[in-house]
Amino acid sequence: MPADAIETRSGKPRAGDQSSRHRALGLTDHEYELIVERLGRDPADVELAMLSLMWSEHCAYKHSRKLLGRLPTGGPHVLLGPGENAGAVDVGDGLAVAFKVESHNHPSAVEPFQGAATGVGGILRDVFAVGARPIAVLDSLRFGEPARSERSRYLLERAVAGIGHYGNSIGVPTVGGEIYFESSYEQNCLVNAMCLGLAPRLRLIRSAAAGPGNVLMLLGALTGRDGIGGASVLASAELGDEDEAKRPSVQIGDPFTEKKLLECCLELLDRGLLTSLQDLGAAGLTSSASEMASKGGVGIDIDTCRVPLREPGMEPFEIMISESQERMLCVVEPERVAEVMDTCERWEVLATPIGCVTGDQRLRVLRRGTVVADLPVRVLVDDCPLYDLEPIQSAIAIYEAPEPVLGEAESPAEVLLALMRSANLASRRPVFEQYDPVVQSRTVRRPDEADAAVLALPDGSAIAVAIDGNGRRVACDPRRGAAEAVFECAANLACVGAEPLGLTNCLNFGNPEKPHVAWQLTEAVEGLAEACEALGVPVVGGNVSLYNEAPGGPIFPTPVVGIVGKLPDAARAGRLGFQREGDAIALIGPFHPSPVGSELAKLQGQPPRGELPLVDHEAVRIAHDWVRNAVRSGALHSAHDVAEGGLAVALAECCVAGGTGASVEPPEGLELFGEAPGSGFVVSGPEAALAGFDVIGYVGGSELEIAGCLEVAVSELEEAREHGLDEFV
Amino acid sequence: MKFGVIRFPGSCDEIDALRAAERIGEAVLLWHADRDLQGVDAVIVPGGFSYGDYLRAGAIARFAPVMEEVAEFARAGGLVLGICNGFQVLCEAHLLPGALLPNVSLKFVFRQVRLDVVEAETPFTRACAPGDRLSIPVKHTTGRFYAPEAELDRLEDAGQVVLLYASGQNPNGSVRDIAGVCNEGRNVFGLMPHPEHAVDELTASTDGLKIFESMRAHVSGLTPA
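Residue numbers (my numbering), protein chains in the order written: chain S, 1 to 729; chain B, 730 to 954.
Treat the hints with care, since some could be wrong.
The list that follows gives simulated cross-link-like pairs (lysine to any residue, SDA-like), each with its CA atoms no further than 20 Å apart [unchecked claim]:
(1) B:LYS836 <-> S:ARG429
(2) B:LYS836 <-> S:ALA619
(3) B:LYS836 <-> S:SER594
(4) B:LYS836 <-> S:ARG158
The calculated label-pair distances, taken between Cβ atoms and stated as ranges, are [as the list claims (entries may be wrong)]:
(5) B:LEU835 <-> S:THR28: 31 to 37 Å
(6) B:GLY897 <-> S:GLU581: 22 to 28 Å
(7) B:GLU878 <-> S:GLU722: 48 to 54 Å
(8) B:ARG840 <-> S:GLU719: 16 to 22 Å
(9) B:VAL904 <-> S:GLY582: 45 to 51 Å
Think of the hints as simulated: they come from the structure by calculation, not from any bench. Computed from a predicted model, the values in this text were never measured in an experiment. Glycine included, every Cβ here is placed at the ideal spot set by N, Cα and C.
Use the sequences and the hints to build the structure in full.
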């Protein structure tokens, strides 16, 4: 049927009511005009619904795509780069690790349990969509101040429960993560989930649809009205006071359905039955089908009447944009459809042919034979205008000073204890005890044992993974703060002996149409790029979450960085705690800390302002190399990066983790609580292993003693750290 | 020695149990919808969330076709080990006494716990000595063992209480710190901790191997190797 049949289908004139129609869907007048120009006609209702989602920030990255081109993406280990469902790196022995981090911030702010749960579910599907079995999940969470905000305590408790509910039930270990509390996240909490998957290199599959005449099959859950318009309504606009009304836009997760879907998809891939595979995420069928068609240079026809529905009476536009969870789309050669159906039946997974691949590069939607949408794939995927940001550094302070909880005159021992029990530094045990970190029997280092999680591979080697980001420091100085996130994450890997192979990031920022947020974003991307180049780590994928803004202002600019690395011998993975009495302790790296943006500055009520320390990138790389090699050789007994709370807190953490004391004489003039994440390490080992470095102290006793400064019993440090979060979780 | 590990839709730890058993003997997966136990010497009902466990943990799995065979196998004296969700399934199937209730905290808990072996005269603990202490992780939301007082007294008298959480280690509020129990015939054993996650020094502990080793010792004592 020709496209103009669409025009007359509803039989009513278009001209007069256009503005309300497209604006209500989040498109600007200019964007609407562009659509009309490209199509040569007004879009039909179904088409407009589809386009509004594909042209949303969430799907089109229209405010960030130009910037993201600055990030280095090539490297010797990269197998899949940005643009696929997940990036992937070669880890040797014929194996690949696929990984990606993604945000589910806005849904979690509206309904934290389901928002966080489906965030995990979504990132798992991204990973098994490339043919990898999910083997680990990490989460990066941000909330408002728990001591002052009942809402933040509620969000924390429910988001953690949601993550556990999904990850635990599906048999994928949650091996790490981070949580920080700052008042800028009061209205916009952040829930970023990262997943790693393992696959034989040869099983990696791309999402490009191919072969006109091939069958398009929908696998998994029924399609319902949940999550309609989530990508535009929730993910691409600021949150306001009427968020309760957005609750129907949040999807509901069902880990049992996903578990069956996961096992089923991996079996289908193992048996070579699929031509391509794609998960259904934001914008549902619309996005998945157009991405598959775009990558394959083909077209796709979908008959909405064949899509199995959860409720009767759903309109084609609802079917095309539903964000019902636990669904996958695949392309199958006609002669293999029966075999696919058999496998799905065995796993009790619904499998339905809903359309076919065509040769004409159009996405066509039919209802009972009538064409209700007929769009060039290019218009859906490529024609959304990309905007140049207009970055201008704000002349006035964007963020208020936090409420002081610590006076300036406290003794160093009091300061250290206050830091150890502060919400940002206290033990995460009450959280990670709600997650299963050991299922699948690979976990060599669990949370609290080392700076990065370590997962054994079959050949005796291992992969390591960590996730990091510090919004307060990026708020102070976006370029250096973002670079620090990369350095800190890589430093965590060095501490277990791992070399970084690839990086994924999630850029959580405010409204990019505001010049000061555009400046934060531009500077931060530059900082990420510089740090990645310095360490030689390629970016293989990621996600952007913008419009994290409430009436009170934007969140701290929060680039979250996840790095996957490799170590040759799982048995030699490093630990963070001091292990042996008498070991020498050294401070490694070009570590020049300052109080700017530190945890101490926050506790003292200072605003997040000022220049962060300038770091010599090459010296950082050399320090990382040395620590990594020393851990690998077995020469060191412990390694820990110096991050929040500075050297004093790093030493205290090594003492608590090892259950032993230490006496230390730090370098003269060093700010004990000053920070410069990613550039300094506290290591311990036999004195001979530290030849050439300044030994700053020795392991032993039951106290942490910092000469001329403080003496605190390790039991007291442990007590402070262990219970800091108790009343909040 | 041939172990069979049941795989329900929603099982999570079946491959872990399979690999753990393979350290001791041969091991195969048994599909929930099949009635064939493939001639195994022992059955392991693994951890996870069988059929999603949206009703009561284990309540659906007990009706699986394979469970009818397992019940028959147990009645004939075959060894059946239920771990976590498997323990819940065996209680629901009345192959083990008592019930498992939601943790006192109402939250999922993961923890490496210490266990005291109180009964070494079972096919599952004969590689241990009474008073041995095992370090094995727990991970569950519904792991609080419960039985009426009189029943508990009877279980203790009959030596059916096999494992206790060591003092101060009870993670879920189980009555009398009970971590694992067996049936009267001592050939069916359930525990909330996961011995299959304690079989390798690299991943923390090897204490769980003793459970599988005990099973092999028992089976090879009954049938010529």
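_Name the hints, by number, that the structure is in violation of._
Those not satisfied are hints 2, 3, 5 and 7.
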